[in-house]
Amino acid sequence: MSQEYYDPADLQDFPKIGEVASVQGEKFFAYYAAATSAGRLSEREKALIALAVATVRHCPYCIDAYTNKCLSLDVDENEMMEAIHVGAAMVAGDTLAHATQMRKIVRKKGM
Amino acid sequence: MDLREQHALLDGLDHPESFADRLRSCGAYPLRAASVEILQMNITRRCNLCCRHCHVESSPARAEEMSREDMKASLRAAAHPSITTLDVTGGAPEMHPNLEWFLREAAMMGKRLLVRSNAAILLDAPYRHFADVYAETGVEVVASLPGLSRENTDRMRGPGVFDRIIAALVELNARGYGKPGSGHVLDLVHNPVGAFLPASQQTLEDEYRIKLRRDFGIEFNRLYCLTNCPVGRYLDYLRRSDNLIDYMNLLRQSFNSAAVGNVMCRTTVSVGSDGRLFDCDFNQILDLPLSHPAPGRIGDFDYDALARREIVVRSHCFSCTAGAGSSCQGAPADK
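Chains as they are written, first to last, in the numbering used here: chain A, 1 to 111; chain B, 1001 to 1335.
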């Protein structure tokens, strides 16, 4: 991806997206804070979930933000990699589960 | 790392806003001391370890240590009723030949007495007795445990150090340290192992408590989170890893005006191993003397002049005001 689209400095602008359409922006950030801060799950567990989702979604901003957050929370590289493997396994599983659709059609159409 | 080189790096960051500018913008400049409650003594720069983040650049090869005369002068200064705490650091304080004598003298003053230990040294034969000396003299032990990952801790402090710290903490626990009702205080210190900031002190303390208890049966009182200050060996790491500009920007972006009022320099005076006085341990390493007319040496201790001195600030001070802030006594914004 070209540097023009994914500049790390863009992340500094993210909190300002609510400068326009501010009602929706404020609601989003309130929801975001509630969803990612400690609740029944710890901040650490949520940061690992967010990191796995960020890699699955291929979001360089979120990967940057949540790798740093995990580091700050004393999450080590093995733990982060395990979380990413969960994401990767889900993607692989999601793909392979769709093979059942292929198999269903093959069984129906074949002789 | 050469002192001039450190100043050149920190002064050459070419940012339009200095730390003094930032304080000015929140009405906190000049930053002044509020009192002197803590006398922090860096009694030796020698250490059994050679950690990659050490701002003092301590190692077994360092020879600087405080003279007995300056230790006596520190005791005289600490007799002032406003000083509640003697905070002994290094290097590894245990490697100072007069530490035991000093602690037994200081213990008679009835002040809070802290020793900052890397803990691993308490397993080495010449220093094993200090765990008992600490217990006998009522010392609060502040032990450094950068993280809960063996790999990360050893990468920062040296091979096998994590396991030695754990073994030393078990021995301190056996003497009552960290155990409720024992009166023996064991606090731990967390440092990020790399170019990032620590998470909240409470979050990490909870994590440390759960895992140290579960994995090793270790108890402790409090966890202090320290932000690594871009000074000494840590500054060298930032430069060599090409993280310096990003880290300094992170510190600036994370500036928290709520932390300013409680930064440690406002209530602390730092005594160098040569008996000179500084606003903090970092200014000591950067050789930034106290502002005039505060006295320059512990032998000339003048409480009134020190308690109203103007603090000398530079760009490294952003590390004490980032996020919840950073202080040897815990996160300033959490107080």
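If you are wondering where the hints come from, they were derived from the structure by calculation, not from laboratory data.
The C-beta atom is built at its ideal place from N, Cα and C for all residues, glycine as well.
Warning: the hint list may mix true and false statements.
To be verified - Beta-carbon label-pair distances, calculated as ranges:
(1) A:D64 - B:R1004: 31 to 39 Å
(2) B:E1310 - A:A34: 38 to 46 Å
(3) A:S37 - B:E1064: 29 to 37 Å
(4) B:G1181 - A:G39: 49 to 57 Å
(5) B:P1159 - A:A99: 44 to 52 Å
(6) A:A21 - B:E1005: 43 to 51 Å
(7) A:D64 - B:A1125: 25 to 33 Å
(8) A:V56 - B:R1024: 54 to 62 Å
(9) A:V86 - B:A1258: 33 to 41 Å
(10) A:G93 - B:S1182: 33 to 41 Å
(11) A:P8 - B:S1067: 34 to 42 Å
(12) A:E82 - B:S1182: 20 to 28 Å
(13) A:A21 - B:Q1253: 38 to 46 Å
(14) A:K27 - B:P1081: 51 to 59 Å
Checked hints:
Taking 31 to 39 Å as the suggested C-beta distance range, the pair A:D64 and B:R1004 conforms, at roughly 35 Å. The hinted range of 38 to 46 Å is satisfied by B:E1310 and A:A34, whose Cβ atoms lie roughly 43 Å apart. The hinted window of 29 to 37 Å between A:S37 and B:E1064 is violated, with their beta carbons roughly 46 Å apart. Range check, B:G1181 to A:G39: Cβ separation about 33 Å, and the 49 to 57 Å hint is violated.
As the Cβ distance of B:P1159 to A:A99 is approximately 48 Å, the hint placing it in 44 to 52 Å holds. Here the CB-CB span from A:A21 to B:E1005 is close to 49 Å, well matched to the stated 43 to 51 Å. Separation of A:D64 from B:A1125 is about 47 Å and departs from the stated range, judged on CB atoms against 25 to 33 Å. At roughly 46 Å, the beta-carbon separation of A:V56 and B:R1024 lies outside the given 54 to 62 Å, and the hint is violated.
Take A:V86 and B:A1258: their Cβ atoms lie about 37 Å apart, and the range 33 to 41 Å holds. For the pair A:G93 and B:S1182, the supplied restraint of 33 to 41 Å is violated, since their beta-carbon distance comes to about 51 Å. Restraint check, A:P8 to B:S1067: a C-beta distance of roughly 50 Å breaks the suggested window 34 to 42 Å. Under the hint 20 to 28 Å, the C-beta atoms of A:E82 and B:S1182, about 38 Å apart, miss the expected range.
Separated by about 25 Å at the C-beta atoms, A:A21 and B:Q1253 break the suggested range of 38 to 46 Å. For A:K27 and B:P1081, the hinted distance range of 51 to 59 Å is satisfied, since their beta carbons lie about 55 Å from each other.
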